[in-house]
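Undergrad: Okay, so the sequence shown: first residue is 1 according to this note's numbering, each after it adds one.
Bear in mind the hints are in silico, worked out from the structure with no lab data behind them.
Here the structure is a predicted model, which is why all the values come from computation and not from measurement.
Take these hints with a grain of salt, some might be off.
[Unchecked claim] 20 angstroms max Cα-Cα, derived EDC-like pairs, lysine to aspartate or glutamate:
hint	residue 1	residue 2
1	K112	D177
2	K253	E287
3	K334	E284
4	K180	D268
5	K334	D363
6	K334	D296
7	K133	D145
8	K334	E287
9	K334	E238
10	K334	E298
11	K180	D145
12	K85	D110
13	K334	E358
14	K334	D268
15	K85	D54
16	K180	D265
17	K218	D241
18	K112	E169
19	K180	E131
20	K253	D418
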Amino acid sequence: MTDLSTLWEVGLPLAGTAGSLGYAKVRAPRVFWSLVGLPVTTTRFAVTYRSTMDVCGLTVQPSRLRAFMVRTVARRPDVQPVPPKVRRIRVTSTGLRVTLRLPAGLEPADVKAASERLRHAWGVHSVNVMETKPGFVELRMTGYDVLRRVRMPRRHPSGPMVVPVALREDGTAFVRDYLKVPHALTLGANQSGKSMYQRNLVAGLARLPVALVGIDCKRGVEQRGYSPRLSALAITPEEADGLLEVLVGEMEKRFDLLSEHGVGDIWDLPDDVRPAPVVVLVDEVAELFLVATRKDEERRDRMVTQLIRLGQMARAAGIFLEVCGQRFGSDLGKGATALRAQLTGRTVHRVNDKQTAEMGVGDIAPDAVVTVLTIPPDRPGVAVAGDTSGGWSRIRTPALTANEAAAICAECAHLTPDLPALAAYRPAVPASVGEPDSVPLVKPSPATA
């Protein structure tokens, strides 16, 4: 009886602890990682590091000097292959960061090729390899699927034109830095999370002292809610044609200003004369390419030409493009490929055809096309993000409703810059900004259209 009582007293707390850890693993993975995953993974890494590197082909034969020292000083006849040297191990709330010094004969591409084998060897969810400086790489190991429930990190890169938009699969923030990547293309099918990405982007931009220009040829159903924070809005192809012409004219005026001050970028201008940066948000770009008549074709060619000009030259003038659409292919018409070439940043959600995936990331990271095509439909917001440097990663945007994004725009309406050139396209905001669907649009005058 005493043994049974003791077993009950000991077994009940153990069962409760096991149940709590099982619950934490599913509902609170960060807690489970801190309590269980971190010590287990750290121990496994320390014990199996050398053997794992050896079987993964990440070791090199030692130099002649090292081999001589081993045989003469240490008096060991066998000389072991040399793995990358661990320089630093840093613990994060989502995983481990390990800095490695690569020996002569290894390059970062070798470690990246073995990342999947390293993931299985150490029992972590993912291993991402980042080159930090010549000869050094950082293994970013995540202990669990951080994209299942997105929680943006508190720390992220900051700057005058930096907007945190999503979470990377390595637990870091994915940001849109317009000074590094001025123009971007975002693609995604219906219900893929593309609109969620745009809402997070607009919500971040609304808090910055920048001018937001919307082009939404679906009669403004996506962007009308942002009206309190928009400096201009076009909801038909005809209005988009006139607005793009005005933007090109604004770009040319800014070039005249740069020439007067003898500088090559608006950020080199004095604060009192620097014009406000402009971010142009183009929703459903395919609508600008569609034509039904010869007159529509002339307008299409004119709009595409203006977009290409903005993509080629507008960065120095502080005008940036965010082009968005469900699909993007060469069959859209003349100028589609030329426009894509100017859009450095790429974010591709789940798409309906392979050509759109190839047009999105195929030219910058061919191996990312397969990842795009395998995004499951039950994970909205998951996307592949990359740029023309060749790097890419999986990301996911946090949930943000249209009403929440509209409320942020209304709250930040006082930050809307006054740009006289865009006054004719400024959307009129009613007294009740909480009803975005009822926001009328100030029609452009014939002179500006």
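Undergrad: Next step is simple, just say for each hint if it's right about the structure.
TA: Hint-by-hint comparison with the structure:
Among the hinted pairs, K112 with D177 is inconsistent with the structure: their alpha-carbon atoms are about 25 angstroms apart, more than 20 angstroms. A distance of roughly 28 angstroms separates the Cα atoms of K253 and E287; the hinted pair therefore is violated under the 20 angstroms criterion. Note on K334 and E284: the hinted pairing holds, with a Cα-Cα distance of about 17 angstroms set against a maximum of 20 angstroms. Note on K180 and D268: the hinted pairing holds, with a Cα-Cα distance of about 16 angstroms set against a maximum of 20 angstroms.
Distance hint between K334 and D363 is fulfilled; the C-alpha atoms sit about 18 angstroms from each other, no more than 20 angstroms. The straight-line distance between the Cα atoms of K334 and D296 is roughly 13 angstroms, inside the 20 angstroms bound, and the hint therefore holds. For the hint linking K133 to D145, the alpha-carbon distance of about 28 angstroms lies beyond 20 angstroms, and the restraint is violated. Distance check on the hinted pair: K334 and E287 sit about 14 angstroms apart at the alpha-carbon level, within 20 angstroms; holds.
Restraint check for K334 and E238: the C-alpha separation of about 19 angstroms stays at or below 20 angstroms, so the hint holds. As the CA atoms of K334 and E298 are separated by approximately 12 angstroms, the hinted pair is consistent with the 20 angstroms bound. For the hint pairing K180 with D145, the CA-to-CA distance comes to about 29 angstroms; that exceeds 20 angstroms, so the pair is violated. Restraint check: the Cα-Cα separation between K85 and D110 comes to about 15 angstroms, which is no more than 20 angstroms; the hinted pair holds.
Restraint check: the Cα-Cα separation between K334 and E358 comes to about 18 angstroms, which is no more than 20 angstroms; the hinted pair holds. Distance restraint check for K334 and D268: the Cα-Cα separation of roughly 36 angstroms exceeds the 20 angstroms cut-off, and the hinted pair is therefore not satisfied. Taken as a hint, the K85 and D54 pair is honoured in the structure, with Cα atoms around 13 angstroms apart against an allowance of 20 angstroms. Taken as a hint, the K180 and D265 pair is honoured in the structure, with Cα atoms around 13 angstroms apart against an allowance of 20 angstroms.
In summary, the hint linking K218 to D241 is supported, as the alpha carbons are separated by about 15 angstroms, within the 20 angstroms threshold. With a CA separation close to 15 angstroms, the supplied pair K112 and E169 stays within the 20 angstroms bound. Of the pairs offered as hints, the one joining K180 and E131 holds, with about 18 angstroms between alpha carbons and a cut-off of 20 angstroms not exceeded. Restraint check: the Cα-Cα separation between K253 and D418 comes to about 16 angstroms, which is no more than 20 angstroms; the hinted pair holds.
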